[in-house]
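Protein chains in written order, with the numbering used here: chain A, 1214 to 1464; chain B, 1214 to 1464.
Some hints could be false.
Identical chains share a label here; the pair holds if one copy fits it or two copies do between them.
As the list claims (entries may be wrong) - Capping the alpha-carbon separation at 30 Å, the derived lysine-lysine pairs in DSSO-like fashion look like this: (1) K1239 with K1424; (2) K1320 with K1440; (3) K1239 with K1320; (4) K1424 with K1440; (5) K1424 with K1320; (6) K1239 with K1433.
It is worth saying that the hints were derived from the structure and are not from the lab.
2 protein chains.
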Amino acid sequence: MPPARQESVVNTAAALLIGNELLSGKVREANLFELAHTLRALGVQLVRVVMIPDDVEAIAAEVALLSRQYDVVFTSGGVGPTHDDVTIEAVARAFGVATHVDPSVAKLLSDAYGEACSEAHLRMALVPDGACLTTDDEVPWPTVVMRNVWMLPGVPEVFRMKLGVIRSTLRGPAPFLSRAVFTRLDEADLKPLLDQVVAAYADVEVGSYPKWFDPSYKTKVTFDARKPERLESAVSAFMELIPREAVIRVE
Amino acid sequence: MPPARQESVVNTAAALLIGNELLSGKVREANLFELAHTLRALGVQLVRVVMIPDDVEAIAAEVALLSRQYDVVFTSGGVGPTHDDVTIEAVARAFGVATHVDPSVAKLLSDAYGEACSEAHLRMALVPDGACLTTDDEVPWPTVVMRNVWMLPGVPEVFRMKLGVIRSTLRGPAPFLSRAVFTRLDEADLKPLLDQVVAAYADVEVGSYPKWFDPSYKTKVTFDARKPERLESAVSAFMELIPREAVIRVE
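Go ahead and model the full structure; you've got the sequences and the hints to work with.
Right under this line is the structure:
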């Protein structure tokens, strides 16, 4: 079993979204939300996201930086066969290694394309030297993982297929627990109440999100923590402070 | 007329998307695509996007870096009245200045909230010392611009209202011109053709985008340039190389 398949406990993650088409407004980015959701459910904290063009030097520099600063890094995009697909090469450069054609991926490609399988197709079998190939039961096509960097595709439908391997391979130190209180107060009126809770519960993340164009509530207040007793205690403290009639519901 | 209202020619832009809720997968980011589209239409090149949590030090460091590296920076989020709204303070720190309550914004707030207008409401009138307030005819509420940093709201409906001021204030050195060829070929088959065009037209950005789950075409090839004659010449060169029956349409 390759190392990347062993379940790894990681605290922090970063995502690197690659593609000129995302920055030029031609394509609406569609992978980050799915990744963020998946990581959150695993208890892994996504801390930083960067979006850059299809530039091999820029990608290599960013991967080198992010892979040192965070436990795990996910790239999205730039893994096809054409001139603007430079992610594999960039990740190799980031770690100071070369690339090679992986024979198992080359076989999948030649099985799929038959006699039409060209040198260009085989570019999709390139992996950085030392990379792991990881799969799950549902998707035979492997995901390339170099040290702590997962190279995921940009095409949203294919990106989604890879989330299962992430779920079966990574987990955080403990799940995040969340509560939300939907209120009739605007943010400015909530501020003094929230400040008291924030001051007393440094280990609980408190967020407030006004809904400007939704008549069903004015501000949603969220509480997030890894320790259930601290979470419940923070929510209770807030409920003591807010007038009962200002609360619409608690989730 | 404040300086930010004069039409400024800028080449490059960066965006800083701020908010724990974006990274935790609670909220799907919804402003970037609109901004990218707006900038592209103005001929401004969006080069880098970064997403980070509501952390005043992290935001300040990122703003300091991006504002030195790019002609203009747009922040989104963190401009409300609560404890997790720290963008104004962070931008002030990035430029080594303090903040103050702007009297014209304070008046808008007290007019809107009347006697209910509290200290918390007035936090929404905070601006970095030396910032410009810019408005357009449609939205009387001003946008705060500090040097080359535009502080935009996170709420998507309000973010969109600010795009008009960007459109009337900034423009790129020349518009981007785009063409797209929809083909029946897959990317690997297109690669040798694209390589020839890319080698001959370094000033034309060539992209190829496979559509895995759309029967209407296999790969869309895009051409982008600022010089119309170079664009048309690159498209013609590609059309000479690709078999006629492989082209579905040109846009």
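Taking the hints in turn, this is what the structure says about them:
Taking CA atoms no more than 30 Å apart as the test, K1239 paired with K1424 passes in both settings, with 29 Å inside one copy and 14 Å between copies. In this assembly of identical chains, the alpha carbons of K1320 and K1440 never lie at most 30 Å apart, being 48 Å within a copy and 44 Å across copies at closest. Taking the closest pair of Cα atoms, K1239 and K1320 never come within 30 Å of each other, the shortest separation being 34 Å inside a single copy and 40 Å across copies. For the homomeric pair K1424 and K1440, the shortest alpha-carbon distance inside one copy (28 Å) is at most 30 Å, but the shortest distance between copies (44 Å) is not.
When the C-alpha separation of K1424 and K1320 is checked against a cutoff of 30 Å, the pair qualifies only between copies, where the shortest distance is 23 Å, while the shortest distance within a copy is 52 Å. Taking the shortest alpha-carbon separations for K1239 and K1433, only the inter-copy value of 12 Å comes in at or below 30 Å, while the best intra-copy value is 33 Å.
Against the hints set out earlier in the document, violations occur for numbers 2 and 3.
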